[in-house]
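What follows is the residue order along each chain.
2 protein chains.
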Amino acid sequence: MRNIKITLQYEGTRYQGWQRQDSTENTLQGKLEALLGKMSGTRIEVQGAGRTDAGVHALAQTANFKLPDNVNHKPEEILAYMNRYLPDDIAVIAAEEVPERFHSRLNAKGKTYHYRILNSAVPHVFLRRYAWIVENGLDVEAMRKAAAFLCGTHDFSAFTSHRKSKNPNKKSKVRTIYTIDIDKNQDEILFRFIGNGFLYHMIRIMVGTLTEVGTGKIKPEAVAAILASGQRENAGVLVPAKGLTLVEVHYSEEGKTD
Amino acid sequence: MRNIKITLQYEGTRYQGWQRQDSTENTLQGKLEALLGKMSGTRIEVQGAGRTDAGVHALAQTANFKLPDNVNHKPEEILAYMNRYLPDDIAVIAAEEVPERFHSRLNAKGKTYHYRILNSAVPHVFLRRYAWIVENGLDVEAMRKAAAFLCGTHDFSAFTSHRKSKNPNKKSKVRTIYTIDIDKNQDEILFRFIGNGFLYHMIRIMVGTLTEVGTGKIKPEAVAAILASGQRENAGVLVPAKGLTLVEVHYSEEGKTD
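Chains as they are written, first to last, in this note's numbering: chain A, 7 to 264; chain B, 7 to 264.
What you were told as hints is all true, and nothing was included just to trick you.
Beyond 12 Å from chain B on every Cβ pair, some chain A residues (computed): (1) 27; (2) 41; (3) 48; (4) 185.
Taking lysine to aspartate or glutamate pairs in the DMTMM-like style, the calculated list, with each CA pair at most 20 Å apart, reads: (5) A:151 - A:218; (6) B:248 - A:95; (7) B:176 - B:161; (8) B:225 - B:147; (9) A:225 - A:147; (10) B:225 - B:187; (11) B:248 - A:94; (12) A:190 - A:218; (13) B:248 - B:218; (14) A:248 - B:95; (15) B:179 - B:59; (16) A:248 - B:94.
No lab work stands behind these hints, which were simulated from the structure alone.
Every residue, glycine too, gets a C-beta built ideally from N, C-alpha and C.
Could you put the whole structure together from the sequences, leaning on the hints where they help?
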């Protein structure tokens, strides 16, 4: 078996998220597996580093899959084949052979996500699929103060939605956030999150909470208490998926994949 | 009559250009006139500063129209009304009342257009509607040298397509280009043109010619001879509309519209 790592770009607008569910759903994983099945003549399972939700975009998602030895396409042939048949809102921007033990999700050391807000009373045609519009003025300094309380290693139970799962409470809700940068450029506010991993809906609930700090509804210091409470209902709203982009998946050494 | 100036943003992908033709065509001018007709209960003619072609985008096109005195919507009400009913690939980002003599096209002193090339062998999902993909490497320094020959006041007959018109030769083909900047940022090449006006297809033929300089097919110095020849067939190809964006319309005083 050869192990192939691909780097993917996609506009999430039309898709019901990364994860394959039943065959009637339009998911990224399902779409890629169907195409690679056609290419190889066998069933292929594609592992993605991040299980992006419906509507979430990716600038550089990574994924890997195993190919039987009788399938002898070179990585550049796989890239060309996939780009020929994928719709134009999905692209493979890199493909390489990696050691057999490499797993795109289990080996990931961290991820960078961006969330974009358009802080404006008028719409923006070119950002309509990629930004959440907030009309009320936002205090960026207050949001930065609040964000500092979220950095570090914490139990983020207050900042996640319950997944429908058999054992919802068994998994650790502890994650480490290395940095949250908030930049304002004209009427665009860009949140950059780097962390070792993020829970279901975690970034979108953090942005919802920070936005309520930005409008003055929540004091920056209150975010520490919300985090400590572990209660979802104390945090802010879940903001729309379209503002969120998976920008990069980090592995242990820059440029290495194992 | 009140004279209203609006600033417009649009993604040109779905439209057959700015200029109203017959009523079966999906043009920006036609769409805006129909909507303002509904708002005012009377026939409204909208004058745009630039007659952008099919597929060309605008970050800030300007236009103006006259409203009868019995139509008493304030500019902010016009903006809100239009944004409520326009499709999400067109937005009005500003509206103001201007002196009766103001004409968006006749008073324009110049325009800024951008043309974007993605110089890459792999597609880019988020630029697929806004950039022309060129796989071959482009020599940016050579393109800058060639662009210098196009700056200044010249007869640009070699860099325009014939419009179907009754008197095609009567109009002057002399225009002034103030600057052509070419910036490369990773695999994106951005051409920024500022001029007092541009002929039909002029920017797209200039970019086509500069791209042929970039690949080495045309020497930079040859562009002076192409310009002097006045013959369209000596210049380069017409590049795709989707890379072109009308970025700004300049009037005599910054911030003033008359």
